[in-house]
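S.K.: Each chain, written out:
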Amino acid sequence: MISMQQVDKRYGGLKALDGLDLEVEEGSVVGLIGPNGAGKTTSMLVMSTLLGRDGGSVTVAGEDPQHSPEKVRKVLGYMPDFFGFYDHLTAREYLEFFASTQHVPGDQILSVTEDLLGLVDLDHKADAEVNTLSRGMKQRLSLARALVHDPRLLILDEPASGLDPRARVQLRELIAELSRMGKTVVISSHILSELEGICTHLAVVDRGKVRAFGDLNQIRSALVSGRRVVARLPDEQVDQALEIVNGDPAVSEVDVERGRLRFMMAGDDEVSSRLLAGLVEAGVPVSEWRLDAAGLEEIFLQITAQDEAEQ
Amino acid sequence: MNPVLAREVKERFRTRRASFWVFAWTLLVGLFVYLLYLMARGSYTGVGRLVATGLMGRFMFEGITLVLMTAVIMVVPGLAALAIVSERERQTFPLLQVTQLKPMQLIGGKLWSSLAFLLLLLLAITPVMALPLLYGGVGVDEVLIALGMILLTAVTLGSVSIYVSARAKSSRAAVAGSYVIAFLIGFFTFALMIGEMLVFSPNDNVGDPFGFQGRELYTIWPNPYFGMVDAVVAPLNEIQSGVEAGPYAVFTQVLLRRQGVGFNPVPFEGVGRGGVIGVGDDGAIAVDLPKDDPAAAVAQVAPALRRGPIWVRTIVIFLTITLISLIRAAAWVRAPASKPFLTRRSRNATA
Chain P
1 MISMQQVDKR YGGLKALDGL DLEVEEGSVV GLIGPNGAGK TTSMLVMSTL LGRDGGSVTV
61 AGEDPQHSPE KVRKVLGYMP DFFGFYDHLT AREYLEFFAS TQHVPGDQIL SVTEDLLGLV
121 DLDHKADAEV NTLSRGMKQR LSLARALVHD PRLLILDEPA SGLDPRARVQ LRELIAELSR
181 MGKTVVISSH ILSELEGICT HLAVVDRGKV RAFGDLNQIR SALVSGRRVV ARLPDEQVDQ
241 ALEIVNGDPA VSEVDVERGR LRFMMAGDDE VSSRLLAGLV EAGVPVSEWR LDAAGLEEIF
301 LQITAQDEAE Q
Chain V
1001 MNPVLAREVK ERFRTRRASF WVFAWTLLVG LFVYLLYLMA RGSYTGVGRL VATGLMGRFM
1061 FEGITLVLMT AVIMVVPGLA ALAIVSERER QTFPLLQVTQ LKPMQLIGGK LWSSLAFLLL
1121 LLLAITPVMA LPLLYGGVGV DEVLIALGMI LLTAVTLGSV SIYVSARAKS SRAAVAGSYV
1181 IAFLIGFFTF ALMIGEMLVF SPNDNVGDPF GFQGRELYTI WPNPYFGMVD AVVAPLNEIQ
1241 SGVEAGPYAV FTQVLLRRQG VGFNPVPFEG VGRGGVIGVG DDGAIAVDLP KDDPAAAVAQ
1301 VAPALRRGPI WVRTIVIFLT ITLISLIRAA AWVRAPASKP FLTRRSRNAT A
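For the protein sequence lines, the chains are P and V, in the order given.
Position 139, counted from 1, in the first sequence is what the numbering used here calls 139; the numbers after and before it change by one each time, with no gaps.
Position 290, counted from 1, in the second sequence is what the numbering used here calls 1290; the numbers after and before it change by one each time, with no gaps.
Hints in this document: simulated from the structure, not taken from any laboratory.
Treat each hint with caution, since some may be false.
Below, in silico cross-link-like pairs of lysine to any residue (SDA-like), each with a Cα-Cα straight-line distance of 20 Å or less [unchecked claim]: (1) P:K209 to P:K74; (2) P:K74 to V:T1092; (3) V:K1102 to P:K209; (4) V:K1339 to P:G52.
Pairwise CB distance ranges, derived in the manner of DEER restraints [what the hints assert, rightly or not]: (5) P:G19 to V:M1104: 51 to 57 Å; (6) V:A1191 to P:G56: 52 to 58 Å; (7) P:G56 to V:L1144: 56 to 62 Å; (8) P:G19 to V:R1334: 26 to 32 Å; (9) V:T1320 to P:Q108: 53 to 59 Å; (10) P:G19 to V:R1172: 57 to 63 Å; (11) P:D164 to V:R1017: 44 to 50 Å; (12) V:M1104 to P:K15: 33 to 39 Å.
Bear in mind that the values here come from a model prediction, so they are computed numbers and not experimental data.
We treat Cβ as the ideally placed atom computed from N, Cα and C, and that holds for glycine.
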């Protein structure tokens, strides 16, 4: 659906995109993660036909957004990282207006608007002026606006920014529903936990480049060298357990906290079994043995730390 | 209907402020016309009843059209200057840019929605405009011509303001820029005209603008007042009508001087008998023409009358300004852009 190859974009002396490569398959939900200023918004503006590039090639649904923006806009729904509302219009009028700008046939505008208000759970606020809606409601209305012409591709820039936890959950459910409907979604966030669980693929963006791309498991296995192990055991046997795990070459970063032994383990499940068996054979009663997968934040920190070290 | 126009009309006309302004405007124009009526009634005492009502009708018509032209110059920049910059400031502009609206549709919608309120104001005073027609002395064609020139001026100033709005970084800059250009076109051209008359006065009248006679006046070409007056009252016809001392007099005097007719009466040899053509101390154009072939006599007395009409030039200039402004404005709203356009307010919001 989207192909970006060696894309460059400069703002004066600042390189916002520096040879960015990204491939987004149809039907996938791709999360762009990265710190503020990494190039997420710039790459989304380039895909969305709002910003020209200085170099490289971009196609969206087979069309170049710089040279055929009108064709790209037919399949594209864009939601920026800010609200853009006409305060004196009601939620229904707001959607009707954007439906007409997207050339939705006049006899369908009413039904499209009603359906979208239902989808984003705003049908009870249809006749309320936009300026009276809460932030979460405005964000959902903004998403509905991006959907008025039933686009195949949705580009959502920091959609959960500034929302309370309940509104975030609602938004996540909505995006999951859109994914089930077969939409391709590109979503950015610097709050990593927002993306975990809803994205089929992740792209770690930093300093204008995609540093890692793939599904979460691929990135995890490719980039994270160890897995964190948490073992719960009686306080009086902690020293004995420490002696055993410290003696294993696969173990590092050992830490003890209130009856819990935490350490990083290099290796697979076989190594884990061997360690657990060693403790049990030594008479240490292990009441819990947990292998934590590396989270997005850990992966992200590891990738960006690698880049900093390379530079 | 253009979606942008439909939304703007809905939003703009929904507020109570719109009703208030329409009410205040109608009241103001009504009072002004009553004042004109009182002035006209005072001016035309002693003439026959039929002639007097005709002259009063003409006096009111001229006063109303000049006031409307002034209102357009004062109001249109204020209505149109915020069209694009306000969308940028409330961050709705990128949302419009990624729709399937073409830049010219966007600009056109903005222009017509800005002028829609002006059209409502004009519609609200239609009965007042019809008053001079009831009194007589004015033809429907003259009313339509005057309204046409007023609307053309509105479209031109609206287009320029939209262009300024598309480039402006803040609402304040857009309003200031639009008014500066509108005042340059509408009012500063008068100052330029006086300058031109002073510079090009005949040698024996150097420094006296009233000595100016029989030369082209380039500075009045883009002036909407002269364009309108010239379109409504062709100077040649005015000479033949005999008397003209209404609110247009000052404009017709300048237009006649451009044609070679001035305060100094010009003697001529008519077909039937000689006569004098000129402007009296009260501003009235007094003409004494031979009855059998007046046009030939006028042509003889002032060959410069063949100098082309101003209103055609005004229309050409205004249409050119309109076209260039709209094309340039469309270029400024076209996406993708080479860099994001941030107004001062949207930059602060993003930061």
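S.K.: Hint says 44 to 50 Å; check whether the CB-CB distance for D164 of chain P and R1017 of chain V agrees.
M.R.: violated, 35 Å
S.K.: Assuming the hint says 51 to 57 Å, is it satisfied by the Cβ distance from G19 of chain P to M1104 of chain V or not?
M.R.: Violated - the Cβ-Cβ distance for G19 of chain P and M1104 of chain V, about 36 Å, lies outside 51 to 57 Å.
S.K.: For the pair supplied as a hint, K1339 of chain V and G52 of chain P, confirm whether the alpha-carbon distance does not exceed 20 Å.
M.R.: holds, 7 Å
S.K.: When you check the alpha-carbon spacing of K1102 of chain V and K209 of chain P, does it fall within 20 Å?
M.R.: Not satisfied, since the Cα-Cα distance of roughly 33 Å exceeds 20 Å.
S.K.: Is it true that the C-beta distance of G19 of chain P to R1334 of chain V lies inside 26 to 32 Å, as the hint says?
M.R.: holds, 27 Å
S.K.: Quickly compare the C-alpha distance for K74 of chain P and T1092 of chain V to 20 Å and report which way the hint goes.
M.R.: OK: K74 of chain P and T1092 of chain V at ~19 Å, within 20 Å.
S.K.: Honestly, do M1104 of chain V and K15 of chain P meet the 33 to 39 Å range at C-beta?
M.R.: holds, 34 Å
S.K.: Check whether the Cα positions of K209 of chain P and K74 of chain P lie no farther apart than 20 Å.
M.R.: violated, 28 Å
S.K.: Go ahead and decide if the range 57 to 63 Å is satisfied by the Cβ distance of G19 of chain P to R1172 of chain V.
M.R.: violated, 41 Å
S.K.: Evaluate the given range 53 to 59 Å for the C-beta pair formed by T1320 of chain V and Q108 of chain P.
M.R.: violated, 42 Å
S.K.: Note whether the CB distance of A1191 of chain V and G56 of chain P lies within 52 to 58 Å or breaks it.
M.R.: With a Cβ separation near 55 Å, A1191 of chain V and G56 of chain P satisfy 52 to 58 Å, so the hint holds.
S.K.: May I ask you to test the hint 56 to 62 Å on the CB atoms belonging to G56 of chain P and L1144 of chain V?
M.R.: Because 58 Å falls inside the window, the suggested range holds.
Hints 1, 3, 5, 9, 10, 11, counting from the list given before, are not met by this structure.
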